[in-house]
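*Asks:* Residue strings, one per chain:
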Amino acid sequence: MRLSVNLCGVELKNPIIPASGTFGFGREFSRYYDISRLGAVATKGITPLPRLGNPPARITETPSGILNAVGLQNPGVDAFIEEELPWLIQQGATVIANVSGNSVDEYAELAETLDSTDIALLEVNVSCPNIHAGGCVFGSDPGTIRDVAKAVRAATRKPVLVKLSPNVADIAEAAKAAEEGGADGVSLINTLTGMAIDLKTRRPVLANVTGGLSGPAVRPVALRMCYQAAQAVSIPVVGMGGIMTGEDAAAFLLAGCTAVQVGTANLSDPMACIRILEELEHYCSQNGIADVNELIGGLIVE
Amino acid sequence: MRLSVNLCGVELKNPIIPASGTFGFGREFSRYYDISRLGAVATKGITPLPRLGNPPARITETPSGILNAVGLQNPGVDAFIEEELPWLIQQGATVIANVSGNSVDEYAELAETLDSTDIALLEVNVSCPNIHAGGCVFGSDPGTIRDVAKAVRAATRKPVLVKLSPNVADIAEAAKAAEEGGADGVSLINTLTGMAIDLKTRRPVLANVTGGLSGPAVRPVALRMCYQAAQAVSIPVVGMGGIMTGEDAAAFLLAGCTAVQVGTANLSDPMACIRILEELEHYCSQNGIADVNELIGGLIVE
Amino acid sequence: MSNALPPFSAKLLSSRPLGGGMRELCLEVPDEFCRASRPGMFVHLKVPDAPQHLLRRPISIMDLEPEDNLLVLGVQPKGEGTRLICSLREGGCIEMLGPLGNGFSLNDAKTVWAIGGGVGVAPMLYACREFSKSARVTASLGFRTRDMIFSERDFHESAFRLVIATDDGTAGFHGNALAALSSHPLPDLIIACGPTPMLKAVQEFALGHNLHCQLSLEQRMGCGYGACLTCSCRTMSRDGEEHYARVCADGPVFDAGKVVL
Amino acid sequence: MSNALPPFSAKLLSSRPLGGGMRELCLEVPDEFCRASRPGMFVHLKVPDAPQHLLRRPISIMDLEPEDNLLVLGVQPKGEGTRLICSLREGGCIEMLGPLGNGFSLNDAKTVWAIGGGVGVAPMLYACREFSKSARVTASLGFRTRDMIFSERDFHESAFRLVIATDDGTAGFHGNALAALSSHPLPDLIIACGPTPMLKAVQEFALGHNLHCQLSLEQRMGCGYGACLTCSCRTMSRDGEEHYARVCADGPVFDAGKVVL
Ligand SMILES: Cc1cc2nc3c(=O)[nH]c(=O)nc-3n(C[C@H](O)[C@H](O)[C@H](O)COP(=O)(O)OP(=O)(O)OC[C@H]3O[C@@H](n4cnc5c(N)ncnc54)[C@H](O)[C@@H]3O)c2cc1C
Ligand SMILES: Cc1cc2nc3c(=O)[nH]c(=O)nc-3n(C[C@H](O)[C@H](O)[C@H](O)COP(=O)(O)OP(=O)(O)OC[C@H]3O[C@@H](n4cnc5c(N)ncnc54)[C@H](O)[C@@H]3O)c2cc1C
Ligand SMILES: Cc1cc2nc3c(=O)[nH]c(=O)nc-3n(C[C@H](O)[C@H](O)[C@H](O)COP(=O)(O)O)c2cc1C
Ligand SMILES: Cc1cc2nc3c(=O)[nH]c(=O)nc-3n(C[C@H](O)[C@H](O)[C@H](O)COP(=O)(O)O)c2cc1C
Ligand code: FES
Ligand code: FES
Chain A
1 MRLSVNLCGV ELKNPIIPAS GTFGFGREFS RYYDISRLGA VATKGITPLP RLGNPPARIT
61 ETPSGILNAV GLQNPGVDAF IEEELPWLIQ QGATVIANVS GNSVDEYAEL AETLDSTDIA
121 LLEVNVSCPN IHAGGCVFGS DPGTIRDVAK AVRAATRKPV LVKLSPNVAD IAEAAKAAEE
181 GGADGVSLIN TLTGMAIDLK TRRPVLANVT GGLSGPAVRP VALRMCYQAA QAVSIPVVGM
241 GGIMTGEDAA AFLLAGCTAV QVGTANLSDP MACIRILEEL EHYCSQNGIA DVNELIGGLI
301 VE
Chain B
1 MRLSVNLCGV ELKNPIIPAS GTFGFGREFS RYYDISRLGA VATKGITPLP RLGNPPARIT
61 ETPSGILNAV GLQNPGVDAF IEEELPWLIQ QGATVIANVS GNSVDEYAEL AETLDSTDIA
121 LLEVNVSCPN IHAGGCVFGS DPGTIRDVAK AVRAATRKPV LVKLSPNVAD IAEAAKAAEE
181 GGADGVSLIN TLTGMAIDLK TRRPVLANVT GGLSGPAVRP VALRMCYQAA QAVSIPVVGM
241 GGIMTGEDAA AFLLAGCTAV QVGTANLSDP MACIRILEEL EHYCSQNGIA DVNELIGGLI
301 VE
Chain C
1 MSNALPPFSA KLLSSRPLGG GMRELCLEVP DEFCRASRPG MFVHLKVPDA PQHLLRRPIS
61 IMDLEPEDNL LVLGVQPKGE GTRLICSLRE GGCIEMLGPL GNGFSLNDAK TVWAIGGGVG
121 VAPMLYACRE FSKSARVTAS LGFRTRDMIF SERDFHESAF RLVIATDDGT AGFHGNALAA
181 LSSHPLPDLI IACGPTPMLK AVQEFALGHN LHCQLSLEQR MGCGYGACLT CSCRTMSRDG
241 EEHYARVCAD GPVFDAGKVV L
Chain D
1 MSNALPPFSA KLLSSRPLGG GMRELCLEVP DEFCRASRPG MFVHLKVPDA PQHLLRRPIS
61 IMDLEPEDNL LVLGVQPKGE GTRLICSLRE GGCIEMLGPL GNGFSLNDAK TVWAIGGGVG
121 VAPMLYACRE FSKSARVTAS LGFRTRDMIF SERDFHESAF RLVIATDDGT AGFHGNALAA
181 LSSHPLPDLI IACGPTPMLK AVQEFALGHN LHCQLSLEQR MGCGYGACLT CSCRTMSRDG
241 EEHYARVCAD GPVFDAGKVV L
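Chains as they are written, first to last, in UniProt numbering: chain A, 1 to 302; chain B, 1 to 302; chain C, 1 to 261; chain D, 1 to 261.
FYI, nobody ran anything at the bench for these hints, they're computed from the structure.
This structure is a prediction, so every number in the text was calculated from the model and none was measured.
Just to be clear, a hint being listed does not mean it is correct.
To be verified - Pairs of lysine-lysine, BS3-like flavour, derived with a Cα cap of 27 angstroms: (1) Lys200(A) x Lys13(B); (2) Lys200(B) x Lys13(A); (3) Lys110(C) x Lys11(C); (4) Lys200(D) x Lys110(D).
Between the sequences and the hints, there should be enough to build the whole structure, so can you do that?
*Replies:* As structure tokens, this is what we get:
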């Protein structure tokens with residue numbers, strides 16, 4: 001069975017990629033399995049300088065979902081390049097560097113800094129709901145998305161994925177903005193902004209008040225947005241949001257995604273990505289699919 | 001214990017209201033309990049003319065949520081006034097008429113038609129994701145929200161609630177647009193647009209392809225949006241989205257809602273609203289709250 | 001006006017495998033339930049201990065023994081919900097709403113064909129039992145293959161005549177449950193429940209022969225009691241106007257002449 | 001490098017009530033688990049048959065009998081997750097990840113105070129048992145009231161000396177578990193687990209008296225194995241710089257001098 005897919009010119013062993021922020025820089029997972037078995041690895045979000053992140057509590061459970069407000073805790077791009085990337089490359093991982101900036105310039109600088117490294121792709125997170133740029137979230141405005149895509153595209157030779165926020169009125173428009181800016185692909189969805197209240201203390205559960213919702217609860221929204229994005233653009237779409245099983249992954253491929261990312265599932269189970277990969281293989285073989293590429297965009301809509 | 005709240009000048013026995021589209025016109029529920037026990041009743045969405053609705057399948061289950069695409073099947077405003085409203089009034093229900101139009105004019109006409117009836121409030125649904133006005137959903141544009149609110153406000157003496165869509169980038173802006181247009185209150189959230197795929201047939205589960213996601217899965221998003229809306233406007237907010245228990249209802253009141261609506265829970269259990277009312281009462285008495293109004297906006301945020 | 005039975009918790013008295021992977025669940029139900037039940041009605045079951053499954057699951061009444069307050073269901077574990085329902089242990093409880101729906105009407109029919117296909121065989125047992133009190137009921141039951149057959153002995157007992165058909169000819173008539181009746185004299189009434197292609201065939205046959213015919217439909221449901229309008233099926237009124245009726249409350253049983261399959 | 005024990009299914013051998021609403025669960029665990037365990041470590045339990053609960057629940061190792069591959073947990077049914085864990089039936093299985101975390105380090109201490117409060121008493125039992133092999137361990141256990149006391153006999157067996165304290169004075173010392181030790185000679189090492197106010201008091205005491213002290217913290221967790229950075233606690237490095245450490249992987253045990261409570 002053929003599982004490999006081509007994502008923006010990069011050949012991936014298979015379409016299963018752990019999602020940014022749920023896989024650290026892979027070290028913890030390499031204690032459980034050989035991470036080079038994965039299609040690629042999306043790193044924890046990287047910023048120009050180290051970030052402390054938000055105060056705790058940073059996570060809580062919601063029905064079939066979780067809310068997180070890590071706030072982009074990370075060691076900064078230099079430490080990433082010096083300490084994390086070489087290790088990842090040594091493991092044989094195909095690395096997608098996920099980056100976050102506070103301005104168009106910061107994004108461009110990050111892209112430039114990473115251009116000469118061994119990363120395979122750049123994933124530009126314009127959508128983290130837990131940090132704010134001048135009060136408003138970057139990624140909900142098509143104009144800004146286009147500007148960031150353009151600046152990053154100009155600053156690197158690596159293929160660029162723009163990671164979109166679901167907290168928008170029109171995801172097709174956001175995807176088109178990324179495409180117009182020169183993105184080689186889009187990935188979605190990041191988390192939906194949500195909130196939980198502790199009825200005993202009458203306070204927000206998260207210190208940050210709001211957090212990002214992910215997990216199976218958001219899957220219907222994610223699937224819809226991926227479908228709409230895939231309809232709207234001609235660049236590849238990387239889908240995610242609540243993927244817990246191989247069948248969930250197959251649904252995103254059918255909706256038009258070239259590859260998928262697995263986030264929250266890693267928090268429930270360190271073996272999740274490998275299990276999902278095996279289940280996807282099983283689904284294909286059960287359904288007479290010899291090449292996983294047959295699934296991509298295979299949804300039948302009358 | 002005092003449970004009554006004042007919603008836009010209308011005194012409600014209690015803050016529990018069944019949500020539009022999940023309660024029909026109340027007849028089915030009156031076989032299970034006395035519907036005058038409820039704070040009010042939000043009717044099925046009413047349009048100027050009768051609507052057939054979408055072909056089946058119209059509903060499916062998702063993790064801790066449901067997707068529906070009823071497509072506003074309803075008998076039209078005249079049949080509502082002649083056949084449903086008198087019956088509701090006779091039951092002693094406080095009626096919130098939920099209306100949907102395809103243009104600003106249609107909304108104004110609906111408001112005018114209903115002005116001389118015995119409804120207590122008008123709930124203007126600018127957000128149903130299952131019908132489309134010229135391809136784009138009405139309720140995601142603040143300008144349109146303002147226009148609809150204004151036109152409806154001018155066409156009736158009844159208090160007007162504008163029901164907001166969660167499929168927007170900035171809910172505070174949407175709420176403010178409604179307030180600026182003259183709305184007496186806002187209600188939210190309507191459903192998040194989502195999708196489900198049948199892995200066996202490789203087709204969308206719903207005939208309409210997409211549907212509206214509701215239930216506990218969306219509660220964190222709903223709670224966040226209600227909190228943000230309540231912070232942004234000075235008119236009352238009616239909160240909903242995944243309320244299944246009295247504690248859930250209390251969380252929405254704490255977030256700043258004057259009353260809450262219960263939707264999907266009615267589909268799981270015809271007694272849901274009454275149970276939730278009793279649980280809310282229990283929560284109050286357990287926590288030394290003598291007046292439910294003490295909860296409203298009582299969230300402690302540092 | 002509050003006259004409907006609110007959801008109640010029913011105790012599982014026994015659970016045993018039927019044929020074809022189906023399970024027979026015998027549950028204890030209150031008197032009011034028994035009094036309100038009629039063949040063709042269904043119950044709406046909460047998936048036990050699984051709050052993530054918000055919607056109930058509609059399951060036909062397969063049999064009822066009012067003297068013992070006994071409800072019998074035949075459940076096919078199809079997806080996660082029915083699988084969890086089938087794995088309930090004896091002595092455990094399941095939350096139930098019902099009986100719901102309109103049910104079959106015998107009217108004055110003296111001869112009846114009760115045609116069931118697959119899981120749609122289940123409601124036919126209760127119908128045979130009840131309608132046999134005043135009519136001659138010929139039950140024709142279609143299964144995919146011999147191993148899928150269930151409740152044959154119960155039908156033998158309750159129907160005037162029993163015909164078994166299998167798609168692959170491994171038991172009884174080789175073909176579908178309607179074709180299996182081709183040599184039988186036409187009845188006053190046909191009632192049928194099963195997969196849509198089967199219902200279509202029955203509908204066409206009944207309309208062609210001008211026979212009274214009632215079809216029991218399946219549709220994805222929300223509430224189950226008429227409020228949410230999600231369980232629609234297309235119906236055609238006399239004047240040719242199309243409507244969407246509610247399978248849960250206007251059905252699940254529809255006049256073959258009125259429903260568009 | 002793949003040297004961590006992947007999640008495994010552990011059989012519940014016995015379940016019995018302890019004091020104070022807690023339940024003692026005895027589970028069968030593999031040899032590798034026993035080899036890797038140390039006092040202060042925890043397991044991360046999947047809530048059984050409840051996919052809507054995505055996150056696991058961290059529970060300390062309360063005791064371990066490696067010869068019998070026996071893991072003992074003490075679980076307080078606090079919310080829905082722990083309630084479901086506590087209602088697991090004997091013979092059933094629970095999915096487990098672990099042992100996780102760093103655990104307490106005895107180093108060369110010869111005298112130890114093991115201070116536990118409430119549910120935080122649980123990990124102290126395993127610590128007493130292990131550390132008593134080479135040190136004199138005085139266990140001081142604080143409970144809200146007499147009815148909340150659990151595992152007293154086990155502590156009697158495993159600690160050199162046992163002190164019980166209750167907030168309301170219904171048993172033992174009237175006051176908290178630290179105050180209960182005021183007349184005792186100072187130890188080489190204090191280890192503590194319990195509510196934050198208690199930990200703060202212990203921290204202050206230890207720093208004031210220049211004692212080695214390790215505190216076991218609680219925090220809401222995602223993965224439990226260091227990947228998601230959601231379980232943070234504030235730490236202070238020598239140079240006064242603040243960081244967020246991971247309670248699951250850098251802890252749950254922290255040097256009292258480094259952690260900011
Ligand atoms: C009036 C009526 C009577 C029925 N009687 C029986 C019976 O006696 N025995 C029996 O085994 N089955 C019966 N069914 C079918 C049964 O309801 C479905 O197999 C069941 O709902 C599937 O649930 P699931 O969780 O196992 O499957 P899933 O596919 O996981 O269910 C997902 C969702 O789709 C709905 N759904 C899926 N298939 C159907 C279907 N065929 N009809 C309605 N909803 C569906 C489910 O209720 C659920 O909401 C009946 C259906 C109807 C409408
Ligand atoms: C390292 C560690 C060891 C622990 N050891 C024990 C033990 O031995 N025995 C015991 O009874 N309890 C122990 N706890 C506390 C236990 O994990 C929580 O009581 C439990 O997670 C609550 O889950 P719930 O579903 O019952 O409650 P809910 O409040 O419904 O849980 C909601 C969410 O919040 C999290 N959460 C709530 N309270 C806590 C808490 N105090 N700490 C961490 N997460 C929390 C839950 O894990 C879950 O994700 C320990 C916690 C930690 C961090
Ligand atoms: C704990 C946590 C941390 C995350 N951090 C990042 C991040 O740093 N950068 C980013 O682009 N997305 C981040 N995400 C979002 C995920 O990559 C993913 O888009 C989202 O969780 C939806 O997928 P899922 O439902 O499979 O988790 C984070 C998600 C979680 C749960
Ligand atoms: C079956 C169904 C039909 C609905 N129809 C309408 C409608 O006609 N008008 C409307 O404003 N909202 C409609 N809604 C949205 C609900 O009123 C409510 O906003 C939403 O479901 C969120 O609340 P919940 O999570 O409690 O269901 C409908 C929801 C459902 C589930
Ligand atoms: S299922 Fe709600 S109307 Fe039929
Ligand atoms: S819980 Fe994930 S890093 Fe600690």
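*Asks:* Given the hint that lysine 200(B) pairs with lysine 13(A), does the C-alpha gap stay at or below 27 angstroms?
*Replies:* holds (26 angstroms)
*Asks:* Lysine 200(A) and lysine 13(B) were given as a pair; does the straight-line alpha-carbon distance stay at or below 27 angstroms?
*Replies:* The given pair, whose Cα atoms are some 26 angstroms apart, holds under the 27 angstroms limit.
*Asks:* Quick one, are lysine 110(C) and lysine 11(C) close enough, alpha carbons at most 27 angstroms?
*Replies:* violated (37 angstroms)
*Asks:* Does the alpha-carbon distance linking lysine 200(D) and lysine 110(D) stay inside the 27 angstroms limit?
*Replies:* holds (24 angstroms)
Checked against the numbered hints above, the structure violates only hint 3.
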